[in-house]
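Make a model of the complete structure from these sequences and hints.
Each chain is listed here by its residues.
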Amino acid sequence: MTERDRFGNPILPDPPGFGAGGSWARLEIAGGRRVFAPGDEVEGRASWHLEEEPEWVEVRLYWRTGGKGDQDVDVVAEERWEAPGRDSGDRPFRFELPAGPYSFSGTLITLYWGVELVAEPGGALFHLDLTVSPTGGEIRLGSAEPDSDVEIP
Amino acid sequence: MSAVRPRDNPFSAQRIDRLPWRPPPGQPGLDALLERLEALGGAAAVVGAKGHGKTTLLEALGRRLEERGASVHRLRLTPHRMPSQRELRGFLRRVESDGFLVLDGYDHLSRWWRHRLRRTSRRAAGLLVAAHRPGRLPVLLEARSTPDLLAELVKELLDGSDPPLSLPSADELFERHGGNLRLALREMYDRCGAAG
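Taken in sequence, the protein lines are chains A and B.
For the first sequence, our numbering begins at 1 and goes up steadily by one.
For the second sequence, our numbering begins at 1 and goes up steadily by one.
Because the hints were derived from the structure by calculation, they are not lab data.
Just to be clear, a hint being listed does not mean it is correct.
Stated by the list, open to error - Reference listing, derived: stretches of chain A covered by chain B, where coverage requires no fewer than 3 residues with Cβ under 8 Å from a Cβ of chain B:
hint, stretch
1, 30-44
2, 102-110
As the list claims (entries may be wrong) - If you anchor each label on the Cβ, the simulated ranges turn out as follows:
hint, chain 1, residue 1, chain 2, residue 2, range
3, A, A37, B, S97, 51 to 61 Å
4, B, E142, A, W81, 28 to 38 Å
5, A, A30, B, G29, 45 to 55 Å
6, B, K155, A, G89, 51 to 61 Å
7, A, G22, B, R15, 46 to 56 Å
8, B, E172, A, K68, 23 to 33 Å
9, B, G42, A, V73, 24 to 34 Å
10, B, G135, A, E41, 20 to 30 Å
11, B, Q27, A, A99, 18 to 28 Å
12, B, R68, A, R64, 36 to 46 Å
13, B, R18, A, G22, 48 to 58 Å
14, B, P147, A, W56, 35 to 45 Å
15, A, E41, B, R136, 35 to 45 Å
Said to hold, decoys possible - Far from chain B by the CB rule (all over 10 Å, computed), these chain A residues:
hint, residue
16, G22
17, S23
18, E51
19, E52
20, E58
21, T65
22, G136
Just so it is clear, CB atoms sit at the ideal spot from N, CA and C, and this is done for glycine as well.
So, in structure tokens, the structure goes:
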């Protein structure tokens, strides 16, 4: 039987870690949670093995908008390790989610939350999508079809 | 509310970008802020969360400085728009003694580049940055939006009319977007563009 979180959402297995030329990176969130309420803590562990010695490795909690027009993004919190070595062991991280914005999906704009692991050099190596909402699901703004010549703010 | 064409949407980016900065109740206006900046030694930060008006204030202060005859050097950094080290060096080299550095997205600079920027600002007329956190710079103003401000902006974009009941209230929008006014107004754009 599928395990479910407190909102009733299924807890899915973590995706496999990134792999390229023997490198890999991975984020795990405690309890396999993907859905959080504003103010909740996102707690987990980062691990990696990198072929090239990193200057730093960082886990970022962020949101971004998608849809037509410019993308908006905000890194809300980050945990950085300077000169952490090619092999991480388990590195714990913990972020407190702000009061908003909530995850939402509109006809023209969608807002996504996520955590990602970034290394320098290397860039973004791994990410997990999250939902942040007091209702346990993303807020749906509307259901009508968008106009074809929409210019988004 | 019936669907509107994008160019007629009252919450279009063009209309939102034209909204002037307004001081929060009980807070100083632009001229008083520039006096405060001078009192702080000419270098300071506007701090606050994303979407709370930092960029709008920074632009308004930059324009006011230009009206006073200052030469303003602007740079805007976002995670998607980071200049190369060469471009950053070029930007700092162009700063002259009467120049004012206005930088949005100070948080995106590395510690080393923030240090270089502060050093460069000593030979300039001043430095004004917008950031989530002030770092080593004194705080000029903490930008903080309110539901009342959002309601005021919505009404202004609707040319003085109250929003129809089919649209969410300012309180609801404010809460849903954590006080991020731009996102709240984007939601209104979405709803107006999609309604039918």
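Results for each hint:
no.	hint	result
1	30-44	violated (count 1)
2	102-110	holds (count 6)
3	A:A37 - B:S97: 51 to 61 Å	holds, 52 Å
4	B:E142 - A:W81: 28 to 38 Å	holds, 30 Å
5	A:A30 - B:G29: 45 to 55 Å	holds, 48 Å
6	B:K155 - A:G89: 51 to 61 Å	holds, 55 Å
7	A:G22 - B:R15: 46 to 56 Å	holds, 52 Å
8	B:E172 - A:K68: 23 to 33 Å	holds, 24 Å
9	B:G42 - A:V73: 24 to 34 Å	holds, 31 Å
10	B:G135 - A:E41: 20 to 30 Å	holds, 25 Å
11	B:Q27 - A:A99: 18 to 28 Å	holds, 22 Å
12	B:R68 - A:R64: 36 to 46 Å	holds, 38 Å
13	B:R18 - A:G22: 48 to 58 Å	holds, 53 Å
14	B:P147 - A:W56: 35 to 45 Å	holds, 39 Å
15	A:E41 - B:R136: 35 to 45 Å	violated, 29 Å
16	G22	holds, 28 Å
17	S23	holds, 23 Å
18	E51	holds, 24 Å
19	E52	holds, 19 Å
20	E58	holds, 12 Å
21	T65	violated, 7 Å
22	G136	holds, 15 Å
In this structure, the earlier hints numbered 1, 15 and 21 are contradicted, and the remaining ones agree with it.
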